[in-house]
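Chemist: Residues per chain, in single letters:
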Amino acid sequence: MEGNRSEFGDSADSHLRDIPTVVERVSIDGLRRTKDDYAKQKHVDAILSATNFFDMVLKCVEAKMQLEKLGAFKHVGIFIDVSKGENAHPHGVEVTLEVEERKRVESSLQTSIGNNEGSMNFALRMPNLLGRGEKLSAEYSYSNRKTMDGRLSFFKPMFLNPDISWTKSVFKQSSEFPWSGYKNVERGASMQFTFPLPVLRAASHSLTLSGVWRDLRCLSRETAFAVREQAGHRMKIGLSHQLTLDTRDHPVLASDGFLIRTNVEHAGFGGDIRFDKASAELHYFQPLPLDAVLQLTLSGGSLRSLSPVSPIPDRFFLGGPMSLRGFNMCAIAPKSEGAYVGANGFWLLNAHIYTPLPFFRKSTGLSSLFRTHWFINAGSLFQPPQGGWTSGNWRNWAREGLASPRLAAGGGILFLLGGVARLELNYCWPIWLEGGDSAVHGLQFGIGISSL
Amino acid sequence: MRKVAQSAEIIGQNPWPASATLFASHESTELPRERALTLSSVAYLRLLGLPFDVLRRHNVEHMSPTGKGPLLRAGEFVVSEFSNIVYFAAFKGHYLDGTLSDFDYSDLCAFITLIDSSLGCAMDYLSWTIDDNRNTLTHQRYKRHYPWPLGKVLHFFDSWRYRSELQANGWWKKSEGEVYDRICQCLEALTEKLGDKRFFFGSSPSSLDAVIYGHLKALITTDYNFTKTEKSLRLLLADYRHMVHFVTTFEDYMNSVGQPRASSPSELRRISNVFDQFVK
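So the protein sequences, as listed, match chains A and B.
Here the working numbering runs 69 ahead of the position in the first sequence, where the first position is 1.
Here the working numbering runs 30 ahead of the position in the second sequence, where the first position is 1.
If the Cβ cut is set under 7 Å, some of the chain A residues that face chain B in the computed set are:
1) TRP282
2) ARG290
3) ARG297
4) ALA300
5) HIS302
6) GLY339
7) GLY340
No lab work stands behind these hints, which were simulated from the structure alone.
Idealized CB from N, CA, C, for every residue including glycine.
Please construct the entire structure, taking both the sequences and the accompanying hints into account.
Modeler: Okay, structure coming up:
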């Protein structure tokens with residue numbers, strides 16, 4: 070919104086501010102099942118308080134953005150006309166916001182390909198179910214491994230504000246982890262409450278309470294014993310808090326702004342999995358001359374298990390085209406009998422430089438979706454020292470964390486796919502390795518939505 | 031098949047490790063059939079004089095590659111179930127059945143099948159078919175080791191699984207009297223086979239002795255019982271004094287075994303026959 074304001078300020082003639090305007094009527098056309106109190110909120114009423122033309126147009130655009138955020142409308146149009154009739158004010162205008170509501174039921178059928186697995190996903194969504202932005206969605210997927218996964222969730226904005234919402238869902242999710250030699254089926258239910266806080270308004274907080282039944286099985290007879298020991302059924306009941314603060318100008322390949330995400334979880338309100346876990350990531354984007362962008366990313370996390378051995382699915386893993394480039398997927402030691410078992414702590418530092426393709430700097434076609442990409446990244450998995458994060462203990466943390474860093478550098482081509490994902494093909498040079506790591510000295514391909 | 035043959039050669043390359051571990055279910059909540067198989071495996075390894083530890087875990091059946099316990103971890107090998115443990119020890123050069131004649135060996139296989147299909151299934155019947163037992167004693171096994179409500183859910187699913195298995199082998203519909211009679215028949219056959227001998231095949235023990243010891247000891251020490259008939263399992267076993275005496279003398283023998291007993295190549299001839307069967 071700040072960007073829009075400055076655009077208007079720069080390009081609009083100053084005389085638009087000098088045109089006095091009185092907004093006589095604001096109406097919303099096209100409401101069917103959406104309730105009046107949900108659609109007509111203070112941003113719509115604010116249009117009535119405009120005193121000049123520039124101000125009115127600005128408030129109309131803001132109202133349109135707020136209406137689009139409600140999740141009830143496919144399309145919002147602004148229609149401004151001069152007031153008509155005998156009692157019309159000489160400077161009067163009538164504003165009509167024409168909305169087109171989303172269909173009652175939306176469905177989609179997709180096929181997707183993952184780690185050596187193909188699956189068919191069927192999703193059914195019922196947006197704006199009861200008129201105040203509620204959404205019921207059901208997703209079902211069937212893979213070639215004959216596993217059926219699904220999620221049923223209900224999203225409801227609170228206090229007529231979509232920034233504050235409840236989501237309740239039940240799910241079943243199966244996944245395989247060939248680098249560790251196990252497969253996991255998780256069935257559970259969760260309740261998530263999302264809200265902003267008065268401090269740092271742009272940040273969004275979520276509190277999630279979830280109960281999960283986890284069924285872990287070995288993938289083959291050769292699975293390492295450290296993983297085999299953890300096979301079976303366990304239950305995790307946990308409360309987690311996520312904070313997201315996003316000022317980037319593009320969700321996949323930004324050129325300015327930053328993104329902070331933190332996640333703090335406590336598992337142990339019942340169930341037999343008990344731990345405290347915290348992780349954070351910071352992405353910073355800096356535009357450089359010649360349309361280049363510098364990205365710096367720092368992330369880290371720590372897991373403190375309240376039982377002697379931490380569960381493998383909750384540990385941290387490093388390696389892969391979207392985390393520590395130059396190493397195979399989750400292929401950073403510790404390793405036990407051929408299986409990568411993860412660790413209770415990690416840190417990761419990435420630096421990237423993106424530039425448009427040479428000779429294509431000013432183009433806007435397909436070649437504008439490509440970038441050249443240079444990176445250097447470092448990281449390590451470590452066991453956090455005893456005693457937690459106290460001031461006296463930071464030396465131990467530094468010693469453990471910096472004991473065996475890995476480093477890799479490289480460059481390649483990046484392709485932005487559909488505005489939601491990025492494909493990367495890089496040539497990597499691993500520089501620092503430890504015994505047990507599986508590095509990639511050569512081409513590495515990756516697809517990612519959120520990458521470090 | 032070829033993979034088993036190759037692993038037999040790999041198994042045979044190194045001797046029995048100094049630190050082998052046998053994983054079994056927790057003693058207080060073990061089902062009778064699990065206890066029978068655990069005791070059989072422990073007895074067999076003790077008869078061979080091989081060193082091992084016993085560790086109790088609640089998820090042994092999930093750790094096991096075949097879905098059943100007990101689980102032996104020796105070096106880099108993971109072996110589950112009694113028969114596989116016998117072969118594993120044999121591939122390492124320790125075998126008790128090598129001195130038996132071919133006739134005795136087929137007798138041994140027949141008796142092990144008899145015990146499995148009568149005493150083993152009777153134990154499953156006691157644990158899963160009799161409602162009172164299933165809802166109290168067997169349920170304890172889930173309540174103790176899994177948090178609520180996971181224990182209830184797993185108990186429910188396992189009850190259905192065992193119900194289908196017992197229906198498939200015809201035991202679900204049997205009455206308690208019929209099961210009681212089957213146990214009697216099996217014990218009669220065993221008493222007759224043992225006769226006056228110290229062990230079932232003469233003066234030295236075999237794997238059959240370990241199996242019989244395991245199943246009888248499990249029946250003697252179990253809390254499970256018939257509920258609808260006035261026939262009591264404990265009284266039944268007390269009737270077969272000869273078998274109970276066998277259990278006691280066997281335990282004494284087991285505790286007296288010292289060094290590991292290595293088998294001679296002629297004794298391992300039978301295992302190489304088994305090995306050849308696998309290769310074919």
